[in-house]
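All chains should be modelled from the sequences, with the hints used to inform the complete structure.
Its first residue numbered 1, the sequence shown is counted upward by one per residue in the numbering used here.
Careful, some of the hints might be misleading.
Stated by the list, open to error - Across the chosen pairs, the derived CB separations fall in these ranges:
1) S109 / V13: 45 to 51 Å
2) S114 / L82: 18 to 24 Å
3) V33 / S73: 27 to 33 Å
Hint data in this document are derived by calculation from the structure and do not stem from the laboratory. Idealized CB from N, CA, C, for every residue including glycine.
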Amino acid sequence: MKRVLYFPLTRIVIGIVVCGLAVMGTNTILKLVLGPEGDIIRIVRWLLVTLVLLATYHYLFRYYEKRDITELSRTGLLRESLVGLLTGAFCISLVIVMLYVLGYYEVLSSKNASALLLLLVYFTTLSVFEELIFRGIIYRITEKSLGTNLALIISALLFGLAHLPNEHANAISVISAASGGILAGLLFSMTKRLWLPISFHAGWNWAQMSLGVPVSGIEELPRFLQGRLEGPELITGGAFGPENSVITVVLVLILSGVAYYLTLKKGNVIKKGPRMLRACEQQTIIQL
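Here is the structure:
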């Protein structure tokens, strides 16, 4: 029974279910308690959901795996969050600037600057949830059992498929999201903390929506600028947004190569294979 309870897949499923229920439950209760939603109410709700989610993850795995939750350590929190936010925003903005130079993107109008804060909080909440699930749970546990390379492939594939239900998604959307999943996994392995992938993800999405382009097919959120993409879908990303552009895919793959090199240089690439799974899990059970 103990072997089943601490088996990697069991821990992954339990982690996803508990964290998912925490988000859904908290969000539902806050909607009832806080009443009609304006921008301030939504910001408060999203921040509270984020705090509950982080606390749920922390205490679940602290007692389940009987360890310190170093991936949420305050070490590097501010520095890595700032670096990730700025780098993520810069990288996707670079793609949009390239589309502008090519004549495929134009700014139609500017809107309320308050949308910048609203979008930042929203995408931070979304990024915390996605990174805890895909990097904190799926990738971290898989990496420990199967090694970095297999964990990158598995978690990236799942992350890519998770974007398939999004509006206007297609095969390129899955490839693009999967490449982003590889990069995020490497950002986690590089630091062994979640702050860098969370903030990079948040900055990436925040910059897109702030510049008035769709984010993974999402268009209904307020934005700072109202932009328009017109041109070959392979280049602009079409209705899904610039994440679907081959320019973005190439950029992310280049960044992933750099991140892998830096992770390898730091000695953080775990080299294990399926044959080592049984021995690894036996060691984990003994430690627990």
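Quiz item: Taking 27 to 33 Å as the hint, is the beta-carbon distance of V33 and S73 inside that range?
Solution: holds (32 Å)
Practice problem: Indicate whether the distance between the beta carbons of S109 and V13 respects the range 45 to 51 Å. | Solution: Hint holds: Cβ distance 46 Å, inside 45 to 51 Å.
Quiz item: When you take the CB atoms of S114 and L82, is the distance between them in 18 to 24 Å?
Solution: holds (22 Å)
Consistency with the previously given hints is maintained throughout, with no hint failing.
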